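*Asks:* These protein sequence lines map, in sequence, to chains A and B. Each residue of the first sequence is one higher than the one before, starting from 1 at the first, in the numbering used here. Each residue of the second sequence is one higher than the one before, starting from 1 at the first, in the numbering used here.
FYI, nobody ran anything at the bench for these hints, they're computed from the structure. Hints may contain errors.
[To be verified] Distance windows between CB atoms, simulated:
{"id": "1", "chain 1": "B", "residue 1": "32", "chain 2": "A", "residue 2": "169", "range": "29 to 39 Å"}
{"id": "2", "chain 1": "A", "residue 1": "109", "chain 2": "B", "residue 2": "131", "range": "31 to 41 Å"}
{"id": "3", "chain 1": "B", "residue 1": "118", "chain 2": "A", "residue 2": "48", "range": "37 to 47 Å"}
{"id": "4", "chain 1": "B", "residue 1": "190", "chain 2": "A", "residue 2": "49", "range": "21 to 31 Å"}
{"id": "5", "chain 1": "B", "residue 1": "59", "chain 2": "A", "residue 2": "140", "range": "33 to 43 Å"}
[Stated by the list, open to error] Some, not all, of what chain B presents toward chain A, calculated at C-beta under 8 Å:
{"id": "6", "residue": "3"}
{"id": "7", "residue": "20"}
{"id": "8", "residue": "32"}
{"id": "9", "residue": "39"}
{"id": "10", "residue": "48"}
{"id": "11", "residue": "84"}
{"id": "12", "residue": "105"}
{"id": "13", "residue": "106"}
{"id": "14", "residue": "123"}
{"id": "15", "residue": "168"}
{"id": "16", "residue": "171"}
{"id": "17", "residue": "192"}
{"id": "18", "residue": "197"}
{"id": "19", "residue": "200"}
{"id": "20", "residue": "225"}
Remember, predicted model here, so these are calculated numbers, not experimental data. Glycine is no exception: its CB is placed at the ideal position from the N, C-alpha and C atoms.
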Amino acid sequence: MRLPQTPSQTVGPFFKPALIRSGQESLVTASTRGERVAIEGCVLDGDAAAVSDAMIELWQANADGCYDHPEEFQEKIYDPDFRGFGRSATDERGRFRFHTIKPGPVAGPGTVLQAPHINVSIFARGLLKRLVTRIYFPDEPLNASDAVLNAIAPVRRSNLVAQVVRPGVLRFDIVLQGEHETVFFDV
Amino acid sequence: MNLPAGYRREIPDGHPPHNAPAYVSTHKRAPRHAPIPLEHTLSEITGPRFERDQLAPGDDDLTHFDGGQALGERIIVTGRVLDQDGRAIPHTMIEIWQANAAGRYAHGEDQHDAPLDPHFAGIGRVITDDHGAYRFMTVKPGAYPWRNHRNAWRPNHIHFSLFGPSFATRLITQMYFPGDPLLALDPIFNSVPDRSARERLIATFDIEVTIPDYALGYRFDFVLRGRAATPPLS
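Chain B with its partners taken away, still in its complex shape (with noise of 0.2 Å):
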């Protein structure tokens, strides 16, 4: 047998440099040493998978906690994940978390004087569909203050975290919103070198995917690494 391919390397300008001078937390953790390029071997080409796991009932539906409604904006978000060559990642595990409709994290350093909703954790998981689908709903984040400048203020975003298939093809991001008059003042969204790269950070409102008299409907797909090369046929 032979080693699998590998994954392709990262864009140059597609994803932030590890030091980015205005976001201040970047400045003592930024390494100064550039990293070194690793032939992918089975270590990276393997991965933690999670299909196996259960999911909670509810863990892809944030609008209820603790016997009560949250309160703000529903809405659904929805797309695919999908490698570079448009294939379909099915099976794959996508972690999320927001602030809630305020702009407070249900987290005890978010110090933000906002309300805290009783009824909102702003916590849930989805795995893919065989095509590479997800779906959740949950409440539109605020807008929250933080300390990196004077009048600093981080966009409306939703964290996500993935993995993919592989070690290789583990993934960190967040999703913006269409519109938001912050997203030209964001160090970390324009921590991304290339507009049309970050662009890609930002959801599509889609009619299509609201669901009348009841929730706004966005989309968002995610890209992870493709293959260097075809891996051979199994």
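Chain A extracted, bound-state conformation (with noise of 0.2 Å):
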């Protein structure tokens, strides 16, 4: 039996009420190990204007590259206080900020590392299906080896990689169309 799937249908506007709760844009509680990161950024349009009614998932490893999930084969180091997942709508700006800690390098395709980095959805008005990204750290090794960056012309991937704003604090933002349009994934 082969059945068909379930089409995609927007998020529309009214989602806030039903889909966010308060603490979810931290990943993290006192006893998460690893290195602590904030992401901040916005979600603009191609007018470069705000989307204030936009939504971002996030998804990502611990800090030993280990995902909480039951088809998690690396042998790594699970970390009870972190279970990878987050959630926040942009505000009347488009601003979007997460806490969370930088997730360790996970397996590949092949015997390939995969640098460090966080899986992204993004769902608003105006889409009709959602938009996957992923946001990479800057400063590190791996990144010169990963195979999704590597398959990205230069000139679009570094918007892939998040900027340094302060120590602690990542900026990431996220444009939808346009000139300095994000790089988004077909998964």
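Dock the two chains into a complex; use the hints.
*Replies:* Shown next as structure tokens:
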């Protein structure tokens, strides 16, 4: 039996009371292991106008590069204080801010490790299906050998790497359309 | 250990495109570059799980809120969450939201001149059981106008958000009702190019689900992406 998938539809403008709960923008507790990092940014449309009704979700491995999931097969250290999921709506100026830890590298295709990255989903009115991107980390030696980064033209690659705002704070803007359009992936 | 199997790709025309000219909000929000295909790794094959979350009593009953009963036609919505091979997806969370029976969301930015219902928040959550089944009670949402084009009205619909077993299976969608004359005119529903795919977004009325003297019953199954190959035995 092979069933067809249920089609995607837009999240629309009225999701916040149902989907957004305070605290979901923090992925860490006091006991979580790893290097704390805040990630902030804006979602912008093709006119560089703020998208004030977007939802951003993060999914990431823990500080050792271990996903909290039954299909995780790497011999890595599980952290009971890190689940790896975060969610935030954008505010009236299109801003979002997450508190998390820098993930460790995880297995990639073949034997090559992937550079530390956070998987990102973007939903909004006007997006009929999810957009997916990845946040990579600056000054990370594994970026040079990361298969996903290397498959992207250099001129666009840099917009997948967060920028240092100040120690412990990174900036990652999401541009839906236009000259500085974020690299989106088809998963 | 080897990497578990990835997930099947989207079917062409089975999902909407990003750029759907009839849906005006896509004009400045749809990316212009084609998305770059990503080989599935642990990052896509894993995903958040919520079966450890405790749902609050009443999360599966939207018909009572703040000490009173919501106005409108009570309905049961039930079905299963399956993968493309027909396998049940157990213990996965479904988040639910919708307008009230008058077509108004309990949301500060909904300016539609229809009454709010103090006893309807329009928010629910359920987690599928061992057989992938879910069930909740609500009132049938009303149609409402929107500003997409002159005299634009959204058909009656309920919003759903699902995770499934992985990052790759994440889905947000809308369920519609059979026989709604607004479906033919709705740019969001009609953004799905393939007609049979679109029609999978329409629930089925089921007298067997209907509770006598209380609530009408509808069936709606979700099908999330299946595995690209049989996963290895664990």
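*Asks:* A separate judgement is required for each hint: does it hold in the structure or not?
*Replies:* Comparing the hints with the structure gives:
no.: 1; hint: B:32 to A:169: 29 to 39 Å; verdict: holds, 30 Å
no.: 2; hint: A:109 to B:131: 31 to 41 Å; verdict: holds, 35 Å
no.: 3; hint: B:118 to A:48: 37 to 47 Å; verdict: holds, 40 Å
no.: 4; hint: B:190 to A:49: 21 to 31 Å; verdict: holds, 26 Å
no.: 5; hint: B:59 to A:140: 33 to 43 Å; verdict: holds, 41 Å
no.: 6; hint: 3; verdict: holds, 7 Å
no.: 7; hint: 20; verdict: holds, 6 Å
no.: 8; hint: 32; verdict: holds, 6 Å
no.: 9; hint: 39; verdict: holds, 5 Å
no.: 10; hint: 48; verdict: holds, 4 Å
no.: 11; hint: 84; verdict: holds, 5 Å
no.: 12; hint: 105; verdict: holds, 4 Å
no.: 13; hint: 106; verdict: holds, 6 Å
no.: 14; hint: 123; verdict: holds, 4 Å
no.: 15; hint: 168; verdict: holds, 5 Å
no.: 16; hint: 171; verdict: holds, 6 Å
no.: 17; hint: 192; verdict: holds, 4 Å
no.: 18; hint: 197; verdict: holds, 5 Å
no.: 19; hint: 200; verdict: holds, 6 Å
no.: 20; hint: 225; verdict: holds, 6 Å
Checked against the numbered hints given earlier, the structure satisfies every one of them.
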